[in-house]
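Novice: Taken in order, these protein sequences are the chains called A and D.
Numbering of the first sequence is given in the numbering used here, commencing with residue 1 and proceeding in unit increments.
Numbering of the second sequence is given in the numbering used here, commencing with residue 1 and proceeding in unit increments.
Among the clues, some could well be false.
Stated by the list, open to error - The list that follows gives simulated cross-link-like pairs (lysine-lysine, DSS-like), each with its CA atoms no further than 27 Å apart:
id, chain 1, residue 1, chain 2, residue 2
1, A, 264, D, 261
2, D, 210, A, 24
3, D, 261, A, 261
4, A, 403, A, 413
5, A, 261, D, 264
6, D, 24, A, 413
7, D, 264, D, 205
The hints are simulated quantities; they were obtained by calculation from the structure and are not laboratory data.
For clarity, every value in this text was computed on a predicted model and none was experimentally measured.
Number of protein chains: 2
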Amino acid sequence: MSNDEIGVTYRLETSGDIAALAAKIAADQSTGTFTELPGETEEVQARCAARVVAISDLPDAAVPSIPDPDGTGPYHRADVVIAYPLEAVGTDIAALMTITIGGVYAVRGLSGIRVMDIELPDAWSCHPGPQFGIPGSRRLTGVESGPILASIIKPSLGLLPSETAAVVRQLCEAGVDFIKDDEKLMNPGYSSLADRVAAIMPVIKDHEQKTGKKVMYAFGISSADPDTMMRNHDLVVEAGGNAAVLNINSIGYGGMSFLRKRSKLCLHAHRNGWDILTRHPGLGMEFRAYQKIWRLLGVDQFQINGIRAKYWEPDESFVRSFHDLAAPIFTETDRALPVVCSGQWGGQAVETYRRTGRTLDLMYLGGGGIHGHPMGAAAGVRAIRQAWNAAELDVELDDHAKKHPELAAALAKWG
Amino acid sequence: MSNDEIGVTYRLETSGDIAALAAKIAADQSTGTFTELPGETEEVQARCAARVVAISDLPDAAVPSIPDPDGTGPYHRADVVIAYPLEAVGTDIAALMTITIGGVYAVRGLSGIRVMDIELPDAWSCHPGPQFGIPGSRRLTGVESGPILASIIKPSLGLLPSETAAVVRQLCEAGVDFIKDDEKLMNPGYSSLADRVAAIMPVIKDHEQKTGKKVMYAFGISSADPDTMMRNHDLVVEAGGNAAVLNINSIGYGGMSFLRKRSKLCLHAHRNGWDILTRHPGLGMEFRAYQKIWRLLGVDQFQINGIRAKYWEPDESFVRSFHDLAAPIFTETDRALPVVCSGQWGGQAVETYRRTGRTLDLMYLGGGGIHGHPMGAAAGVRAIRQAWNAAELDVELDDHAKKHPELAAALAKWG
Numbered sequence: 001m002s003n004d005e006i007g008v009t010y011r012l013e014t015s016g017d018i019a020a021l022a023a024k025i026a027a028d029q030s031t032g033t034f035t036e037l038p039g040e041t042e043e044v045q046a047r048c049a050a051r052v053v054a055i056s057d058l059p060d061a062a063v064p065s066i067p068d069p070d071g072t073g074p075y076h077r078a079d080v081v082i083a084y085p086l087e088a089v090g091t092d093i094a095a096l097m098t099i100t101i102g103g104v105y106a107v108r109g110l111s112g113i114r115v116m117d118i119e120l121p122d123a124w125s126c127h128p129g130p131q132f133g134i135p136g137s138r139r140l141t142g143v144e145s146g147p148i149l150a151s152i153i154k155p156s157l158g159l160l161p162s163e164t165a166a167v168v169r170q171l172c173e174a175g176v177d178f179i180k181d182d183e184k185l186m187n188p189g190y191s192s193l194a195d196r197v198a199a200i201m202p203v204i205k206d207h208e209q210k211t212g213k214k215v216m217y218a219f220g221i222s223s224a225d226p227d228t229m230m231r232n233h234d235l236v237v238e239a240g241g242n243a244a245v246l247n248i249n250s251i252g253y254g255g256m257s258f259l260r261k262r263s264k265l266c267l268h269a270h271r272n273g274w275d276i277l278t279r280h281p282g283l284g285m286e287f288r289a290y291q292k293i294w295r296l297l298g299v300d301q302f303q304i305n306g307i308r309a310k311y312w313e314p315d316e317s318f319v320r321s322f323h324d325l326a327a328p329i330f331t332e333t334d335r336a337l338p339v340v341c342s343g344q345w346g347g348q349a350v351e352t353y354r355r356t357g358r359t360l361d362l363m364y365l366g367g368g369g370i371h372g373h374p375m376g377a378a379a380g381v382r383a384i385r386q387a388w389n390a391a392e393l394d395v396e397l398d399d400h401a402k403k404h405p406e407l408a409a410a411l412a413k414w415g
Numbered sequence: 001m002s003n004d005e006i007g008v009t010y011r012l013e014t015s016g017d018i019a020a021l022a023a024k025i026a027a028d029q030s031t032g033t034f035t036e037l038p039g040e041t042e043e044v045q046a047r048c049a050a051r052v053v054a055i056s057d058l059p060d061a062a063v064p065s066i067p068d069p070d071g072t073g074p075y076h077r078a079d080v081v082i083a084y085p086l087e088a089v090g091t092d093i094a095a096l097m098t099i100t101i102g103g104v105y106a107v108r109g110l111s112g113i114r115v116m117d118i119e120l121p122d123a124w125s126c127h128p129g130p131q132f133g134i135p136g137s138r139r140l141t142g143v144e145s146g147p148i149l150a151s152i153i154k155p156s157l158g159l160l161p162s163e164t165a166a167v168v169r170q171l172c173e174a175g176v177d178f179i180k181d182d183e184k185l186m187n188p189g190y191s192s193l194a195d196r197v198a199a200i201m202p203v204i205k206d207h208e209q210k211t212g213k214k215v216m217y218a219f220g221i222s223s224a225d226p227d228t229m230m231r232n233h234d235l236v237v238e239a240g241g242n243a244a245v246l247n248i249n250s251i252g253y254g255g256m257s258f259l260r261k262r263s264k265l266c267l268h269a270h271r272n273g274w275d276i277l278t279r280h281p282g283l284g285m286e287f288r289a290y291q292k293i294w295r296l297l298g299v300d301q302f303q304i305n306g307i308r309a310k311y312w313e314p315d316e317s318f319v320r321s322f323h324d325l326a327a328p329i330f331t332e333t334d335r336a337l338p339v340v341c342s343g344q345w346g347g348q349a350v351e352t353y354r355r356t357g358r359t360l361d362l363m364y365l366g367g368g369g370i371h372g373h374p375m376g377a378a379a380g381v382r383a384i385r386q387a388w389n390a391a392e393l394d395v396e397l398d399d400h401a402k403k404h405p406e407l408a409a410a411l412a413k414w415g
């Protein structure tokens, strides 16, 4: 791949010929009609011609990813790299998605297609990337080393602002570094963002005055309307807040781009909705490709589930996601902080540490694992810190728990 | 469904119990953790409790939509309606997508999920909807009745602005009502939007002066950055243009919402990228649900392929899409103009007319079908008008072609 091309890797599946399908995909980006045309000169085609760079065969599949009414397998599979001229795509994310991804999903003759990766030339470093990222998250939370220990309001939904504030106080006193609204909590009638900010920020400030520790609270400011989202952002900033939860798919590239340029908040991304793009292994998009776009747009902290998550995602997928986030696109500073979450209570810390490159550059988020600890939330926080100490010391949890009653209690309940 | 609820219909598939899965989905929207919690009172749950309204069983499937490593079919299927309290969701599209769709895609224990429809209460009529829609498209093009006849620049990509302008002149003289940039053409190095507007608008104006007819030209103004997209919009408006092509998935809800509030242009939507959400019949989202959101956001004209399209989409799916667009959400004015396109040359006019409710409220877009007509583009336009006359007269194309040589030539080439 040259530095004036964009490379996209597709996992293709077809009962026909893979090389022919790859060539058709590359050609469709420059002509795209069903009949021969006047004016379709070589010179015209050269300005935007995509080219097939590599085809790596994979084993055939017996069953097609998309049901095939003609039923004529086997289904050939390959990872195909196609290079697009930067001249034709430019550096706009809308152009990238339209030319190299959206159109390809519509091509006839395939029974499966998954975007595996996107390789971007240096010109794409023009995008803002994370404003805070890993160093900014550490600075704002005051956590110089080790995992940033996070929690979420539980019950997730249905609490009045005053009830939420009481949970925030409990979590601050329990010793967490970060608290967030559930991603499904934005601006409902029973708990408007304005009322929530007004109820919660005094608790955060009070705790800071007493202890010197400012807990980072990420408010759910998402709106499909960027003007509304900016008003939400301003509410949080004016009250002294420093973070926000964003449902990135629900605001779209436009919402994220608009906010990032103006944002004073650390942006914590929830990828709610992403699952439908990735749950079928033969269809959609790998997180590796997906996260690059959102990091360029400015995500500071990225939720990626965890080991033994409560959702469908297999552990291997989470581990890959973690490594994806750890890899620079252009520079170290375009990395987003991995947020390990979903069903986490500390019991997964050692395995997480061992499988993700033995790094402590992460946020570890316990919801039920803190609120539901049999000895209370403060013990839940201590149990998780103990579990991460075990990880760092490279000892087994069961051994470590012998001297740490909170961890022992968590293991007894969930282990 | 009461008027203070939002109803979402899901096509669920599971090797387990459908009713249990439906109940879990409803419950996950209000609690959503893996362990029992203090504070999870009935009062708290009631504020945002979703409820299962209906379960309509469908035949079992032998093969799961998402591969099932445990391999324990049969896979039960049903259409399940879940009602969400308006109080909990509000009227923001980001909240709707996050609460009722995004989270549901992540639930464990399902082997297939497809969002079939979204039923919105009156409070959702607060959204702007189309600014021009069908009456505005007719007014701006001067086409009082019958299909609005449209074309696209061909070759789609790779032409310099001056070469594009020459194609525009040819199409104007051929008698089309509407011309558009290919959706993949936005702002490439070889044909910037500014240069294209500067080259094309004088041709549109010159043709208007000579003939009194202002051809609507839709420029590709999409950008993932709403500020850039507004500058693109302003370029078109200042040059006297009146329409734009938008790649709606590539700009996202935020981009569309931002633009619509400020737009002076008729917004022609291309749903590039939508295919991956809908191509597998057991996964993703039906166009019926999808198009409602984008109409509320302000789409005026909606591309939906056509009979015998060049892409994967079956004819039945196109026909359903057409009817979806024809159905008001709240009022007649929230309808978007259906744009019938992809591989169209007139030969599909009679069947389209008969299968879509015998309406002429549509745009019919021929690309290769006009540019590639053996007697030239003007004959291509006449052939398509002749085909639609046959449709309206309810006669067969072959019979009609006996007195219409342009249609006969098209039939000879593509029929």
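Novice: If a hint holds in the structure, say so; if it does not, say that too.
Specialist: Going through the hints against the structure:
no.	hint	in the structure
1	A:264 x D:261	holds (25 Å)
2	D:210 x A:24	violated (42 Å)
3	D:261 x A:261	holds (20 Å)
4	A:403 x A:413	holds (17 Å)
5	A:261 x D:264	holds (25 Å)
6	D:24 x A:413	holds (23 Å)
7	D:264 x D:205	holds (18 Å)
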